[in-house]
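Novice: The primary structure of each chain is shown beneath.
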Amino acid sequence: DAGITQSPRHKVTETGTPVTLRCHQTENHRYMYWYRQDPGHGLRLIHYSYGVKDTDKGEVSDGYSVSRSKTEDFLLTLESATSSQTSVYFCAISDRGWGYEQYFGPGTRLTVT
Amino acid sequence: KQEVTQIPAALSVPEGENLVLNCSFTDSAIYNLQWFRQDPGKGLTSLLLIQSSQREQTSGRLNASLDKSSGRSTLYIAASQPGDSATYLCAVTKTGANNLFFGTGTRLTVIP
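Those protein sequence lines, which keep their order, are chains A and B. First residue of the first sequence? That's 3 in my numbering, and the numbers climb one at a time after it. First residue of the second sequence? That's 240 in my numbering, and the numbers climb one at a time after it.
Just chain A, same shape as in the assembly:
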């Protein structure tokens, strides 16, 4: 397995609270991605990074922000969590960008009550 960890693995939080999810990789891959997985929607891209401090929005970026201060860490922040952000969040990495394989982390199950 690619060296990708996500923390926390499970979290329950209340509406309106800030939440930060962490993705950590040991592969030194340049590209990192955040997806959410919801029943009936498949996985959808939230944000991605193409290098340290270089990030861009994905398909469902509203309500989310990201930061990448070093190669190995990519943080996803929900500034004020809402119930619609209840989901399973996956981080992925790749070494050569969109045309190449992505390797996924184990996921974080987030419940917003």
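Simulated from the structure, these hints should not be mistaken for laboratory data. Everything numeric in this text was worked out from a predicted model, so none of it was measured. There could be a bad hint or two in this list.
[Said to hold, decoys possible] Pairs of lysine-lysine residues, derived as PhoX-like cross-links and limited to a Cα-Cα distance of at most 20 Å, are as follows:
{"id": "1", "chain 1": "A", "residue 1": "Lys59", "chain 2": "A", "residue 2": "Lys72"}
{"id": "2", "chain 1": "B", "residue 1": "Lys240", "chain 2": "A", "residue 2": "Lys59"}
{"id": "3", "chain 1": "A", "residue 1": "Lys13", "chain 2": "B", "residue 2": "Lys240"}
[As the list claims (entries may be wrong)] Chain B residues, not near chain A, derived (Cβ > 12 Å throughout):
{"id": "4", "residue": "Ser285"}
{"id": "5", "residue": "Gly299"}
{"id": "6", "residue": "Pro321"}
All C-beta atoms in this analysis are idealised placements derived from N, C-alpha and C, irrespective of residue type, glycine included.
Assemble the complex: chain A is given as a structure, and chain B must be docked to it using the hints.
Specialist: What follows is chain B alone, placed relative to chain A:
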């Protein structure tokens, strides 16, 4: 926007059977197509990646084909085993779009 469809949503087969999973996409301008496996409560594992210029890729008992012009891909699993039980997802990278578009998957159960 690229729409990716996988039918059926669920499939049960007896052990040893050969089977085909289907994936269709609406925009044929793709860069590549990937097949993933997802076990319950786990992340995705990449199985095969087919570049748009390729027709098929093989890995062990798995064979994926791509017909870009018709917007279809199939994943063929030979001699299925109970350990193949999982959800199989396909995803396409659309040319010029920084995104990976996923289908909702086919949940496969192989009955011993």
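Novice: Give a verdict on every hint.
Specialist: Structure-based check of each hint:
Between Lys59(A) and Lys72(A) the CA atoms are separated by roughly 19 Å; this keeps the pair inside 20 Å, and the hint holds. At roughly 16 Å between alpha-carbon atoms, Lys240(B) and Lys59(A) fall within 20 Å of each other, so this suggested pair holds. Restraint check: the Cα-Cα separation between Lys13(A) and Lys240(B) comes to about 32 Å, which exceeds 20 Å; the hinted pair is violated. The claim that Ser285(B) is not at the interface with chain A is violated, since a C-beta of that chain comes within 12 Å of its own (minimum 5 Å).
The Cβ of Gly299(B) lies farther than 12 Å from every Cβ of chain A, with a closest approach of about 17 Å, so its non-interface assignment holds. Listed as outside the interface, Pro321(B) is consistent with that label: its C-beta sits roughly 22 Å from the nearest C-beta of chain A, beyond the 12 Å cut-off.
Checked against the numbered hints given earlier, this structure breaks hints 3 and 4; the rest are met.
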